[in-house]
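Undergrad: Those protein sequences? They're chains A and B, same order as listed. Going by the working numbering, the first sequence opens with residue 39, and the numbers climb by one from there. Going by the working numbering, the second sequence opens with residue 2, and the numbers climb by one from there.
Hint data in this document are derived by calculation from the structure and do not stem from the laboratory. Be careful, since some hints might not be right.
Only pairs whose alpha carbons sit at most 25 Å apart, straight line, appear in this in silico DSS-like list of lysine-lysine [as the list claims (entries may be wrong)]:
| id | chain 1 | residue 1 | chain 2 | residue 2 |
| --- | --- | --- | --- | --- |
| 1 | B | Lys109 | A | Lys62 |
| 2 | A | Lys528 | A | Lys402 |
| 3 | A | Lys336 | A | Lys191 |
| 4 | A | Lys402 | A | Lys462 |
| 5 | B | Lys109 | B | Lys70 |
| 6 | A | Lys144 | B | Lys70 |
| 7 | B | Lys62 | A | Lys144 |
| 8 | B | Lys70 | A | Lys62 |
| 9 | A | Lys462 | A | Lys336 |
| 10 | A | Lys528 | A | Lys471 |
| 11 | A | Lys144 | B | Lys71 |
| 12 | A | Lys395 | A | Lys471 |
| 13 | A | Lys402 | A | Lys435 |
| 14 | B | Lys62 | B | Lys14 |
| 15 | B | Lys71 | A | Lys68 |
| 16 | A | Lys199 | A | Lys62 |
| 17 | B | Lys63 | B | Lys109 |
| 18 | A | Lys402 | A | Lys471 |
| 19 | B | Lys62 | A | Lys62 |
| 20 | B | Lys71 | B | Lys59 |
| 21 | A | Lys528 | A | Lys462 |
| 22 | B | Lys70 | A | Lys68 |
| 23 | A | Lys336 | A | Lys471 |
| 24 | A | Lys395 | A | Lys191 |
| 25 | A | Lys62 | B | Lys14 |
| 26 | A | Lys68 | A | Lys144 |
| 27 | B | Lys70 | B | Lys59 |
| 28 | B | Lys14 | A | Lys144 |
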Amino acid sequence: MNNLVVLPLLIPLITGIILILFNKNVTIQKWISGFSAVILVSVNFYLLNQVYHQGIQTLKLGGWQPPFGIILVADLLAILLVLTTSVVSIACLFFAFHSLDEDREKFYFYPFFQFLITGVSGAFLTGDIFNLFVFFEVMLISSYILIVLGGSKVQLRESVKYILVNIVSSVLFVTAVAYLYAVTGTLNMADLSVRIAEVDQGPLLTVIAIFFLIVFGLKGALFPLFFWLPGSYAAPPAVVSAIFGALLTKVGIYSVFRTFSTIFYHHPEVTHQLMVVLGAITMLLGVIGAVSHWDVKKIIVYNVITAVGFIIFGIGSLSTTSYAGAIYYLLHDMTIKAALFLLIGALIAVAGTSNLKQMSGVIKYHPVLGWMFFTAALALVGVPPLSGFIGKFLLIKGGIESGHYWVVAVMLITSLLVLYSIMKIFLHGFYGKIETPKLTRTPVGLLYPCAFLLAISIGLGLGAEYVYPYVLEAAESLMDPAIYIDAVLKE
Amino acid sequence: MKTNDTILQTVTKVLVFVILAFSIFIFFAGHNNPGGGFIGGLITAAAIVLLMLAFDMKTVKKIIPFDYKKIIAVGLIFAVGTGVGSFFFDAPFLTHAHDYFDLWFLGKTHLATALLFDIGVYLVVVAVTLTIIQTIGEDE
Numbered sequence: 039m040n041n042l043v044v045l046p047l048l049i050p051l052i053t054g055i056i057l058i059l060f061n062k063n064v065t066i067q068k069w070i071s072g073f074s075a076v077i078l079v080s081v082n083f084y085l086l087n088q089v090y091h092q093g094i095q096t097l098k099l100g101g102w103q104p105p106f107g108i109i110l111v112a113d114l115l116a117i118l119l120v121l122t123t124s125v126v127s128i129a130c131l132f133f134a135f136h137s138l139d140e141d142r143e144k145f146y147f148y149p150f151f152q153f154l155i156t157g158v159s160g161a162f163l164t165g166d167i168f169n170l171f172v173f174f175e176v177m178l179i180s181s182y183i184l185i186v187l188g189g190s191k192v193q194l195r196e197s198v199k200y201i202l203v204n205i206v207s208s209v210l211f212v213t214a215v216a217y218l219y220a221v222t223g224t225l226n227m228a229d230l231s232v233r234i235a236e237v238d239q240g241p242l243l244t245v246i247a248i249f250f251l252i253v254f255g256l257k258g259a260l261f262p263l264f265f266w267l268p269g270s271y272a273a274p275p276a277v278v279s280a281i282f283g284a285l286l287t288k289v290g291i292y293s294v295f296r297t298f299s300t301i302f303y304h305h306p307e308v309t310h311q312l313m314v315v316l317g318a319i320t321m322l323l324g325v326i327g328a329v330s331h332w333d334v335k336k337i338i339v340y341n342v343i344t345a346v347g348f349i350i351f352g353i354g355s356l357s358t359t360s361y362a363g364a365i366y367y368l369l370h371d372m373t374i375k376a377a378l379f380l381l382i383g384a385l386i387a388v389a390g391t392s393n394l395k396q397m398s399g400v401i402k403y404h405p406v407l408g409w410m411f412f413t414a415a416l417a418l419v420g421v422p423p424l425s426g427f428i429g430k431f432l433l434i435k436g437g438i439e440s441g442h443y444w445v446v447a448v449m450l451i452t453s454l455l456v457l458y459s460i461m462k463i464f465l466h467g468f469y470g471k472i473e474t475p476k477l478t479r480t481p482v483g484l485l486y487p488c489a490f491l492l493a494i495s496i497g498l499g500l501g502a503e504y505v506y507p508y509v510l511e512a513a514e515s516l517m518d519p520a521i522y523i524d525a526v527l528k529e
Numbered sequence: 002m003k004t005n006d007t008i009l010q011t012v013t014k015v016l017v018f019v020i021l022a023f024s025i026f027i028f029f030a031g032h033n034n035p036g037g038g039f040i041g042g043l044i045t046a047a048a049i050v051l052l053m054l055a056f057d058m059k060t061v062k063k064i065i066p067f068d069y070k071k072i073i074a075v076g077l078i079f080a081v082g083t084g085v086g087s088f089f090f091d092a093p094f095l096t097h098a099h100d101y102f103d104l105w106f107l108g109k110t111h112l113a114t115a116l117l118f119d120i121g122v123y124l125v126v127v128a129v130t131l132t133i134i135q136t137i138g139e140d141e
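Isolated chain A (complex conformation) (with noise of 0.2 Å):
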């Protein structure tokens, strides 16, 4: 037992309670939100630090014994993204310090913030698979919130398609579960794994298996799944779309790890293998999106579908490397997508328009700006010092391991692609003769946290040599699932 556990969930929910008494009070808002955020941090990274050195550490609601009870499992993989969420949520908050529009502030942006944070942390922590459900609904009925708050034409529209897909995908949820709980008879994970285990998943098994597939692929935008997501991420304010980008979709796909890590992982043949394939054709569909557009904020919302496509690849390789190439690649596409977000919210807020076409020249006036986006760009596409390449050569390396040679080629293909769609935006938009109509001064404080994201970016990529142990012992836990059972069902 180990009550930390609950903590990273407690402590956004407790916050998001105490500021819906102070709505009318941006001040004591901004104060309350800020310092909790700190805390979380501070509690995420004790937490990690000890799951490495004592390993998993469990919790059982109420003390109720495992199959029977909830029980919250704080492995190396779930803690790992517990601490990145914290830290992206925290670089998003002071972004939203200075870019929100008071009407927004004052209508309860930061507790659906709050509480947005306790669905995905509650997400990843979570050992059971209904309590997953749920933290799925917590998680999106504040992102609809956040969606539509504001209510613009363009929001009103797309949270309308947002939703809908949401509530489909939400009731296949239900129905899969309610699929496998006739089969097994339980709800644990390890539980789920063990009885499965026993009875060798015959094809009614891999039936359901590929029906959480279907559902997690929707939340996490999966082709041919992916269709919602374009529209729906390109319209909230920056910020929202920033930790959308770099949550939301990244919950579907730990979903998709845990799930065929630890409970469906006996004919890879039919799961692992449609994985691949379907990892491969998102990948080069999400950056044919990003290259077509000419919407600085089109382009980067379909390379969070590109990224998606190398995570979903290495998942479904089954091998430690590529495993945890798909984890440190995971840990980085959150970081980068939230700052690639806020800088691109940056620029559209320098330049009043989001269409490139529109401006150019940006980085004479904004070399900062212009430089940190630079450095995102590279970090995005993998280019050595930074933190995108680690994560890519090990997917790389793990899928020639595999003997999956084509996908390593359309990888390959990908990233060029991207660095081409998000050099299009440097080119264009920063670079050129100064034509822009109206280039307003940026507000310092919108530069800080990119800076903040940029610098945990190259921390990842520089600092490997202290981040991998941490990632290679998460990718050799989930090879072995014996682990995580028997630190969930033993005493």
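Given the coordinates of chain A, assemble chain B onto it according to the supplied hints.
TA: What follows is chain B alone, placed relative to chain A:
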């Protein structure tokens, strides 16, 4: 032409108390019989909605002068607070305790901290329902 609501208003004045009493009964029955915080909260909200129908929004606001959104927060504090309370007894989060007490007006009574959690649920359900209805009702 001015309509006359005398019958509706008179009946409401009597019925609201019956409905409120029933909702409290259902709320406390939850531990051993069908009922609990959710259905109890909905019935309470129904009583207040009946008031809103028979009179008008302004009158009801005068009778119940609370900001429902704040009540949602208070309810959540109850629910989370019972969970956090277990920290002080070195027990896992959300561990509940219960015991028998001799209350002077009820005799031997079974009291459980789950009731505090249920009060949280009750408050949130009442407040959410009324927030929805009030917001839509006052919208023009």
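Undergrad: Indicate, hint by hint, whether the structure satisfies it.
TA: Hint check:
1. For the hint linking Lys109(B) to Lys62(A), the alpha-carbon distance of about 46 Å lies beyond 25 Å, and the restraint is violated.
2. Distance check on the hinted pair: Lys528(A) and Lys402(A) sit about 62 Å apart at the alpha-carbon level, beyond 25 Å; violated.
3. Annotation: proposed proximity of Lys336(A) to Lys191(A) holds, straight-line Cα distance about 18 Å (limit 25 Å).
4. Of the supplied pair hints, the one linking Lys402(A) and Lys462(A) holds, its CA atoms being roughly 17 Å apart against a limit of 25 Å.
5. Using a Cα cut-off of 25 Å, the hinted pair Lys109(B) and Lys70(B) is violated, with the two alpha carbons roughly 37 Å apart.
6. The suggested pairing of Lys144(A) with Lys70(B) holds, with an alpha-carbon distance near 13 Å, which does not exceed 25 Å.
7. Pair hint Lys62(B) plus Lys144(A) holds up; C-alpha atoms about 22 Å apart against a cutoff of 25 Å.
8. For the given pair, Lys70(B) sits about 12 Å from Lys62(A) by alpha-carbon distance, which is consistent with the 25 Å threshold.
9. Of the pairs offered as hints, the one joining Lys462(A) and Lys336(A) holds, with about 13 Å between alpha carbons and a cut-off of 25 Å not exceeded.
10. Taking the CA atoms of Lys528(A) and Lys471(A), the gap is near 67 Å; set against the 25 Å cutoff, the hint is violated.
11. A C-alpha spacing of about 14 Å is found between Lys144(A) and Lys71(B), which places the hinted pair at or below 25 Å, so the restraint holds.
12. A hinted pair counts as satisfied when its Cα atoms are at most 25 Å apart, and Lys395(A) with Lys471(A) qualifies at roughly 12 Å.
13. For a cut-off of 25 Å, the pair hint linking Lys402(A) to Lys435(A) is broken: about 41 Å separates their Cα positions.
14. With a CA separation close to 16 Å, the supplied pair Lys62(B) and Lys14(B) stays within the 25 Å bound.
15. A threshold of 25 Å between alpha carbons decides the hint, and for Lys71(B) with Lys68(A) the separation of about 19 Å falls inside it, so the pair holds.
16. For a cut-off of 25 Å, the pair hint linking Lys199(A) to Lys62(A) is broken: about 31 Å separates their Cα positions.
17. Under the criterion of a C-alpha separation no larger than 25 Å, the hint pairing Lys63(B) with Lys109(B) is inconsistent with the structure, at around 39 Å.
18. Between Lys402(A) and Lys471(A), the direct Cα distance comes to roughly 9 Å. Compliance with the 25 Å bound is thereby established for this hinted pair.
19. For the proposed pair Lys62(B) and Lys62(A), the alpha carbon gap of about 20 Å is at most 25 Å, so the pair holds.
20. As the CA atoms of Lys71(B) and Lys59(B) are separated by approximately 19 Å, the hinted pair is consistent with the 25 Å bound.
21. At roughly 54 Å between alpha-carbon atoms, Lys528(A) and Lys462(A) are farther apart than 25 Å, so this suggested pair is violated.
22. With a CA separation close to 20 Å, the supplied pair Lys70(B) and Lys68(A) stays within the 25 Å bound.
23. Simply put, Lys336(A) and Lys471(A) have alpha-carbon atoms about 24 Å apart, close enough for the 25 Å limit, and the pair holds.
24. The suggested pairing of Lys395(A) with Lys191(A) holds, with an alpha-carbon distance near 23 Å, which does not exceed 25 Å.
25. Simply put, Lys62(A) and Lys14(B) have alpha-carbon atoms about 35 Å apart, too far for the 25 Å limit, and the pair is violated.
26. Distance hint between Lys68(A) and Lys144(A) is fulfilled; the C-alpha atoms sit about 11 Å from each other, no more than 25 Å.
27. Distance restraint check for Lys70(B) and Lys59(B): the Cα-Cα separation of roughly 17 Å lies within the 25 Å cut-off, and the hinted pair is therefore satisfied.
28. Proximity of Lys14(B) to Lys144(A) is assessed by CA-CA distance (about 37 Å); at most 25 Å being required, the pair is judged violated.
Checked against the numbered hints given earlier, this structure breaks hints 1, 2, 5, 10, 13, 16, 17, 21, 25, 28; the rest are met.
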